[in-house]
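Residue numbers (UniProt numbering), protein chains in the order written: chain S, 1 to 372; chain A, 1 to 372; chain Y, 1 to 372; chain L, 1 to 372; chain R, 1 to 372.
Quick caveat, the hints were computed from the structure, so don't treat them as lab data.
It is possible that part of the hints are untrue.
Just some of the chain L residues that point at chain R, by a computed CB distance under 7 Å [what the hints assert, rightly or not]: (1) 89; (2) 216; (3) 257; (4) 309; (5) 319; (6) 339; (7) 342; (8) 347.
All values reported here derive from a predicted model rather than from experimental measurement.
C-beta: ideal position from N, C-alpha, C; glycine also.
Listed here are the chains, written in short residue letters.
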Amino acid sequence: MNKKNRLRRKKQNYTVREAGTSPGLVYIDENALEPVITLHQLNDKSYESKKLESLKDIAKILEDKSYTFWVDIKGFGSEEMFEILGRDLNINKLVLEDITVTYQRPKVEEYDGYVFAVSRMLLLDEDKHLDNSQLSFILTDNALFTFKESYSDCLEPVRQRLKAGKGNIRTAGSSYIMYAIMDIIVDTYFEILGTWSEELDEIEDRLLDKPDKSIMYDTQLIKRNLINIRRVSWPERDKLNDILRSDSPLITDQTKLYIRDAYDHCIQIIDIVESLKEISASNIDMYLSLISNRMNEIMKVLTIISSIFIPLTFIAGIYGMNFADRDPVSGKLMPENMPELYEPHGYLYTMLIMGLIAVLQVIYFWRRGWFK
Amino acid sequence: MNKKNRLRRKKQNYTVREAGTSPGLVYIDENALEPVITLHQLNDKSYESKKLESLKDIAKILEDKSYTFWVDIKGFGSEEMFEILGRDLNINKLVLEDITVTYQRPKVEEYDGYVFAVSRMLLLDEDKHLDNSQLSFILTDNALFTFKESYSDCLEPVRQRLKAGKGNIRTAGSSYIMYAIMDIIVDTYFEILGTWSEELDEIEDRLLDKPDKSIMYDTQLIKRNLINIRRVSWPERDKLNDILRSDSPLITDQTKLYIRDAYDHCIQIIDIVESLKEISASNIDMYLSLISNRMNEIMKVLTIISSIFIPLTFIAGIYGMNFADRDPVSGKLMPENMPELYEPHGYLYTMLIMGLIAVLQVIYFWRRGWFK
Amino acid sequence: MNKKNRLRRKKQNYTVREAGTSPGLVYIDENALEPVITLHQLNDKSYESKKLESLKDIAKILEDKSYTFWVDIKGFGSEEMFEILGRDLNINKLVLEDITVTYQRPKVEEYDGYVFAVSRMLLLDEDKHLDNSQLSFILTDNALFTFKESYSDCLEPVRQRLKAGKGNIRTAGSSYIMYAIMDIIVDTYFEILGTWSEELDEIEDRLLDKPDKSIMYDTQLIKRNLINIRRVSWPERDKLNDILRSDSPLITDQTKLYIRDAYDHCIQIIDIVESLKEISASNIDMYLSLISNRMNEIMKVLTIISSIFIPLTFIAGIYGMNFADRDPVSGKLMPENMPELYEPHGYLYTMLIMGLIAVLQVIYFWRRGWFK
Amino acid sequence: MNKKNRLRRKKQNYTVREAGTSPGLVYIDENALEPVITLHQLNDKSYESKKLESLKDIAKILEDKSYTFWVDIKGFGSEEMFEILGRDLNINKLVLEDITVTYQRPKVEEYDGYVFAVSRMLLLDEDKHLDNSQLSFILTDNALFTFKESYSDCLEPVRQRLKAGKGNIRTAGSSYIMYAIMDIIVDTYFEILGTWSEELDEIEDRLLDKPDKSIMYDTQLIKRNLINIRRVSWPERDKLNDILRSDSPLITDQTKLYIRDAYDHCIQIIDIVESLKEISASNIDMYLSLISNRMNEIMKVLTIISSIFIPLTFIAGIYGMNFADRDPVSGKLMPENMPELYEPHGYLYTMLIMGLIAVLQVIYFWRRGWFK
Amino acid sequence: MNKKNRLRRKKQNYTVREAGTSPGLVYIDENALEPVITLHQLNDKSYESKKLESLKDIAKILEDKSYTFWVDIKGFGSEEMFEILGRDLNINKLVLEDITVTYQRPKVEEYDGYVFAVSRMLLLDEDKHLDNSQLSFILTDNALFTFKESYSDCLEPVRQRLKAGKGNIRTAGSSYIMYAIMDIIVDTYFEILGTWSEELDEIEDRLLDKPDKSIMYDTQLIKRNLINIRRVSWPERDKLNDILRSDSPLITDQTKLYIRDAYDHCIQIIDIVESLKEISASNIDMYLSLISNRMNEIMKVLTIISSIFIPLTFIAGIYGMNFADRDPVSGKLMPENMPELYEPHGYLYTMLIMGLIAVLQVIYFWRRGWFK
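Take the sequences, apply the hints, and build the full model.
Next up, the structure:
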């Protein structure tokens, strides 16, 4: 029941842009969340994080090149915000559209003065339901903007590392922060695959113990999720590869060294997805063969019992027939009618014959291996 | 029933050019529709749309380079029209053939002075039947011709945007209008896929609630449609890529920027088609496993009831046998024949034994998990 | 029955060259048909077609460069003919071998002074049996030779066009005639696929109306034919592509423009073949699910009837037992033996109980949806 | 039975080099066969073939550049032989290892002064068991060495052609002899595929006439063999392609022209293998559908007979019940107990009712098409 | 049972790096094993092998360029060790991370002054459980470091060859030792595949003799292992190819010659894996068809016996009915009620009719081939 609901709640993430709308016009849904803007300002010495009311002064803030900035924007409910980005930071309209129409594939595009990138952030909620949301990046020389439609994310560890100042996250510039976020997103894929891998193991255990219908539901559920994650990880791989081969000055060679690592991880993700898909296919095969096997066993029971008792019942039926021993009118004896009934040991013989038939059949079925 | 008809009405779109006809000769079917020619004349200041009787003066009209023109031609029932295009606008015969033989794959071909392109327009009629028609483009420096065999189309939003003058549709030249049309066609694919995605979800719900034969029909129907849309979207993707890499001066760099967007959409279409195909395959798997499961359950009922009652009936049959207690002639007692029948509590004991057998079988089946 | 024979008659077209024969030696089977040589001689003004006895004077005839020649050779039963080709026209031995060993893949090979090409001509005979034969081409500057082992072909429309002189078939040179023939061969594929597409539609209708075993046979038959046509069309595509990219002066740029069209057609063929293969696979899936469904229905009938009547028969059997009401010797009453039989309304009550059991079972099966 | 054994006898050809042995050390098994060395010495005028005791003088023999030599070595039971090859002819140790460890894929490798190549020779023994052995080539400027572990081969036709001197086999140099051998090996693949193609046809006929379990065994057997031949033909194709693109002076342009032919053949082999694989898959599909169909028919018979007779037997059972017509003690009549039994025409009516039920059921099953 | 446990014990090797950790920081698990460091010091004259306490003096040791060193490190339980590597040998932090996070794909990466490579070592324990561990390499000009998390490995033969000094293992430098180790790892794959190939053969034998459920379990187990080995061998192939094409001076041309050999082996591994996968798929097909066949046979037995005896039992039931021959009250004869019972030979005739029915049914089933 629970399973059914989980399967049912899963919605395809195929949001559809209304056909025929003019491209490059930012469309803000009336249900869009109030934007929450967090500014992280850091260099090798200091780190500060504060909430911004709006992006009004952002161009001025970014002029201080002695800092690296991460502007973390969640919620799109302000048309003005996007206007500022277009006007003050000179972001192309198509980019702003791609940020707000949150069904882009992972990709990277180089523009004059900035780089635009999209990652798909996968989160597994407490019901193991896969939430697939878009994180968009705008990378400038000293700042990284990230955009997300909803408030939840998986970037807490990055914020912790910024605060702690461990590693070179504070000193390696904005592109390194972008790497750190992209890397954590890919790492989350590992965790999700780990969950499913365990669930597949658990399904397999159930397959061996007591296979039932839920195995089919659960495996299909995992298969769907694997289809979704694969749809995400292939273009993610291409995106990381594009970044690796990009010659934009905004992406430092040091960052590329790390991106290569994330690229390796992404290939591993794809490997694992393919393996898990094969494993779930083979679980389904096994399940179907178990159903067939069980059917065979059910039929064997039916056939053995029917084959033994139906002929015996027939014999009993014969001696239950009422052929008269005397003519009802004349009262003359008709001894030739069913003489067995008047044999002194007729009953005994009949029972022995029945027993013999039963034994022969049991031997026959035994030989065919039906009792194994 | 309804489903059956829908499946039956679907026709393969494999129109066949008569083998052996000379290439490049325009062939007008006698059932061809009367052409309806609409001329859209626009620049940054004005926009006008009017019906043309014929293309006679089109060469002269197009000479006014201060305007961008969109000549929207529907219905091919005039041989003269194609002759004018060949003569006055110098369009290659092969191109004219490709326009009229409406089973081309999406493609783009550059000729001297113009670009020829083909899109496949997919429309879903009220019966959810997929209508696959061809829209051909001829793009010159200041004009776009579109050709469609029938009157219905999905371009109303483009006409609205031309009228409204929003965005840069009026000022960005003829290639931008071509982009706008191509983009809307691809966006229609999204809508259609959305319909099918919902239908697959609905099928899945039915799978979980009350699976019946119609699931198979409906899924196959969707699969067919997916096959058709995939046949269209792969070459569409190639076409858009060819436009991106084209160095024809007729396609502006600005337009290419937008075409890149349409190209991204087209890749997403392909992604979604593949995902939906996998989902429908997995629905069929699930359905087949449900049939097998149901079969198992039917057989279990039959086997349990038969296995319990057939042996009991046999026992009842034994004590229904008429072995005589006296010799019919001599009248001598034959007490050894079926002495159980004369036991004071024979009936009771028999019933108890029968009950015991039934209970043992129930326990046996319980243990094997057949009651679960 | 008819179907079976059709399936049986189909022969694999895997003719085998005898292993170890010396390459380049023309091998003429003794059953080879008498050659029929037709010379078509044409230019923009005149057209003549005549039968030739042999190729003896062919070198001299071809010297007249003011004409384009098509030498149409059918039947290989003359070793002398091939010797003349080797000696007078300087054709490589390997080429002559490839002409006579008629199981080549479509291909094109450039030699000094001529181009050698192979097409596979598919014909559907009246029994819808696929005949797969080889048409070989030798293209020189002003002549085209075609070679076919048997007399039947699908080139009549080309001959008609030559006679009629429509289009540029008379003036565009020998390579254009080669194109015209190759194009008509590919067009024939369309017609054949059209036939199969219709047959698949008809099979699908039968699937929905009254599925029977013949569906499997017919679909397999079509699948086989599709496998054959795919084996032919992939290399055909490669061949046309090779011609497109060829820089041989024998193939004019104008011809290449047309070849591009044939290439497009060939890609469409491949698309259609793949689609039809998927459709036939999905027909088979549907058929198998229908068999399973039908099995379920059969089993339901059996189970419902058995489950209702077997227990009732058991009850009837109980009251058919002959437990004695009196001791046969003493004649003493044994009222405790089957007292129900002596109940005034025992029969009525029994019938009521039986009816109740039956009704309960019907309700049970109804609830499980077995009557739907 | 015979089939089973054939299937069982088949051994995987996955010989395993002992892990960790030093590479390049020739390892001679103690069971290795005594080497049989045949020297073929030929030029345009003469041909001689003689057995050699050992390779001691081989370097000196090969110095006579007016001859072409083919040194045909079978059996590896002489370590000295390989030492001579290494020392006198300067053959790399890794090459010698590859010759003796006979599980190489087809490949070609160019070394200083010689070319090393490997072909897989497939032979079909009288039990249609596939024997997959390695033939290694060392090609020098005027000599060809071939190495085979066992004595049997398929090269007799090449020896015949050398003796007969037909074609250019004697004059075209050592690389042409290598081609001739490689070509005959590929041609043998055709013969083997021909055998299997016929067997598949024969299986198909059996499928249509009387399908039984052996169809599954036989098809699997063919599938296995197809897997093996495909494993061989893909690298064979690559090898021939490598030779075509090789710029080694040892391989003449003339030979390359012929190799192109062998390459075409190899592609055809791959085509045929794929087609045969699809055909055997479709045979298995058909077989499985036939099993399901047969099951349906068996179940129909059971269900029809059970459904008709079980209810009738129940009715008979009712009137076989012994409800008493008189109280055993008081002797009072109990006419309400089973009054039907005392109806004058009770038996007749009962039989008519039974007949009616049977007829209704037959009509029901007829309508559902179960008698078709 | 044993099988079940083996299947159950198998764990996915998808270790997961904790998301969000800073890259390039070496993370040492508290359960990490105490490092065991073995230094092999060799040149053409001498060979010495000794245990090292720590890596403290390693930089000094390596300064002696007259020796080649192999530093074999097992167990990662010392953070200091990695610090030394980073500080004294200048190894990049990301490399050290990749060494310790042991779920890398096989890869090779060139750094300044050294080459980093990863191999996956597969070991089959006594329960045929596949152990997949990582062996990392750092190759410098005169030294090779290998890193393994646990103590067991398959490198004993390499150590033996170093000791024995056979071949050129002592003189060919550090890259040759790396090759020797990589080669032995790939060779181990062959051994493992050999084991599974044999097991598949054994499963196939069981399929032919007495197919049971364990076939499914065992085949799935092998399939899983094949999935794992394929996941390892594809990137292994890419890695070896990368080494072949590398232009690092650390990898000598001589070594590359040998690597080409290992590369060939790796391609063979992939071939074999694919073949074994197809074979196990075809085993499963065969098994499923056998289950279906067996089902058919079970059903045939049931149907034959039921069809014969159910109608006969019905007839017996008819003559077991108690239609009275006299009116219980009036005592009047009712001879029309069941006159057959009073036929002198009624019983005989009945038995003959029953026998006839049985014989007709047997003939019917015989004709349908059910006794075959």
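Q: Find the hints from earlier in the document that the structure breaks and name them by number, from lowest to highest.
A: 1, 3, 6
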